[in-house]
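Given only the sequences and the hints, what does the whole structure look like? Please build it.
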Amino acid sequence: MTLFRQSNLALEKDDTNRFLPWLIAFMVLLAALSVAGLLMLHQISSAFEHGIQDTMTIQIPAGENSRADETHVRKALAALKKVDGILASKRIAAAEISDLLKPWLGETAGSDGLPLPQIIDVEVDRSSDLTAEKLADLLAPILPGTSVDDHSVWLTSLVDTLRSTELIASSIVLLITLATIGTVIFTTRTGMGIHRRTIEVLHFVGAQDEFIARQFALRAFIVGLQGGIVGILLAAPILYLLDFVLKNLEDGLLPKASLDVSIWVSVGTIIPIIALIAMATARSTVLKTLKKMV
Amino acid sequence: MAEVVRFENVGLRYGLGPEVLQDISFGLEAGSFHFLIGPSGAGKSSLLRLMYLAHRQTRGLISLFGRDVSTLPREQFPKIRRRIGVVFQDFRLLPHLSAFDNVALPLRVAGVRESEIRRHVEELLVWVALENHMDVRPPTMSGGQQQRVAIARAVIARPKILYADEPTGNVDDRIADRLMHLFEELNRLGTTVVIATHNEAIVHDFGRPVLRIDGGRLEIFPADDPNSADLAEVEETFE
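Top to bottom, those sequences are chains A and B. Counting in the numbering used here, the first sequence runs from 1 upward without gaps. Counting in the numbering used here, the second sequence runs from 1 upward without gaps.
Read the hints as simulated data drawn from the structure, not as lab findings. For each residue, glycine too, the CB sits at the ideal point set by N, CA and C. Hints should not be assumed to be uniformly reliable.
Below are the PhoX-like pairs computed for lysine-lysine, each with C-alpha atoms no more than 20 Å apart in a straight line [as the list claims (entries may be wrong)]:
1) Lys292/A x Lys79/B
2) Lys134/A x Lys75/A
3) Lys134/A x Lys82/A
4) Lys160/B x Lys79/B
5) Lys291/A x Lys160/B
6) Lys134/A x Lys90/A
Derived contacts from chain B toward chain A, CB cut-off under 8 Å, selection only [to be verified]:
7) Tyr52
8) Thr58
9) Arg92
10) Leu97
11) Val109
12) Ala110
13) Val112
14) Arg113
15) Ser115
Next up, the structure:
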């Protein structure tokens with residue numbers, strides 16, 4: 001209550017303070033969208049990393065005939081059971097491989113005219129030290145020409161792209177924060193200009209700079225809270241829409257990402273964070289400006 | 001008696017302009033009562049501003065309560081300002097606060113408890129006959145009422161020095177006389193009082209030492225000075 005009683009400047013009546021909550025609301029709206037986007041991108045890139053890094057693909061060259069192919073696959077599966085660090089291995093059916101290649105090779109894929117290699121998907125224990133090279137070396141004596149792919153080539157570039165996008169989103173959040181700080185500095189200085197005579201009176205009756213700064217800081221905190229709440233309320237329907245679109249994306253196009261509780265909580269924390277930033281900025285602006293006065 | 005104010009060869013200029021105060025030297029003893037007179041633009045307000053720390057002098061030495069304020073860091077100013085009460089010519093009341101809150105301001109700033117503030121402010125507003133106007137805001141008060149609020153604010157924290165800039169400028173003779181007796185009463189209680197005024201009748205009637213400023217230079221006339229008594233020379237300075 002003391003804090004409120006100390007408001008001797010009537011800052012709430014300033015035109016600048018009427019305008020500021022809407023500016024902050026707009027900043028918070030942008031920040032909320034950026035933060036949510038950033039966290040969802042992080043979800044997607046993590047899902048990519050975890051989902052695909054846990055697997056390796058073994059490719060056995062096509063044999064002379066289907067019986068030979070069958071023998072090679074059985075040998076490989078038997079050998080894989082004895083390798084430490086392999087949790088499961090699954091043969092990809094020839095029909096499934098043909099279907100996957102049809103867009104590029106047409107109906108001939110898998111026919112006698114165009115034999116296809118046999119594919120085995122292996123689930124790897126990430127804590128083990130099993131690498132694609134080690135596995136290839138183990139299989140080479142039994143099945144010469146077999147190759148093992150840990151997807152590192154395309155996975156690295158995909159995750160790099162996602163990480164770069166995350167970096168851009170982080171930069172946007174940083175820019176929004178700086179813009180908010182700049183706005184609060186400008187508004188506080190304008191407010192100090194408007195209340196210059198009152199500030200002088202407060203000084204003449206013995207007020208410390210901190211007493212005056214506290215009033216501006218408290219007002220900035222309240223304005224930050226108001227703007228923050230309005231900004232999040234504006235962002236919420238847009239985020240719901242984004243969540244709806246992502247949930248209805250075709251399976252397999254992207255790893256599943258959604259606005260889970262942790263993202264909503266992170267977006268919600270923007271409100272107190274922006275209020276505290278506004279408060280700290282106003283306080284330091286007032287103290288710096290007052291130092292120039294007698 | 002100890003001096004509460006001492007100026008030594010003080011000069012003041014605003015920016016690159018000419019010196020508005022030149023070589024001002026004087027001392028005010030604790031419990032003294034002075035009038036500050038001089039024509040408009042002579043430097044009265046500038047001198048007062050130096051005395052209540054609204055400005056820093058360009059040169060010379062100013063000490064208040066025995067402390068050299070020329071070199072004092074500004075963080076120390078609030079402590080000194082709390083011992084000084086100022087009645088501004090334009091009152092400088094905060095228009096959004098009630099009379100009660102305006103008067104309470106120096107105590108709130110000093111961190112006094114709210115229950116004590118209430119007691120002291122109510123008592124003082126009764127003393128200046130504004131007990132029925134506690135919740136009224138200054139813009140709806142008459143000039144005289146605003147003046148009394150300004151005086152109450154200046155004395156609520158029991159200052160050691162009271163400066164009043166044209167305190168009788170907005171009131172009729174009867175109220176002016178009452179206000180002057182109020183200042184005398186404060187002076188009797190030990191407050192050092194300096195009244196800047198254009199009102200020659202008051203200077204005549206109250207027979208107190210006079211600080212006369214003209215062209216940025218200061219002269220002092222003791223209360224018992226014959227020059228001060230007839231004020232012939234002093235009156236020439238009035239407009």
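Going through the hints against the structure:
no., hint, result
1, Lys292/A x Lys79/B, "19 Å, holds"
2, Lys134/A x Lys75/A, "17 Å, holds"
3, Lys134/A x Lys82/A, "14 Å, holds"
4, Lys160/B x Lys79/B, "12 Å, holds"
5, Lys291/A x Lys160/B, "26 Å, violated"
6, Lys134/A x Lys90/A, "19 Å, holds"
7, Tyr52, "6 Å, holds"
8, Thr58, "13 Å, violated"
9, Arg92, "5 Å, holds"
10, Leu97, "7 Å, holds"
11, Val109, "4 Å, holds"
12, Ala110, "6 Å, holds"
13, Val112, "11 Å, violated"
14, Arg113, "10 Å, violated"
15, Ser115, "13 Å, violated"
Of the numbered hints stated above, those contradicted by the structure are hints 5, 8, 13, 14 and 15, listed in ascending order.
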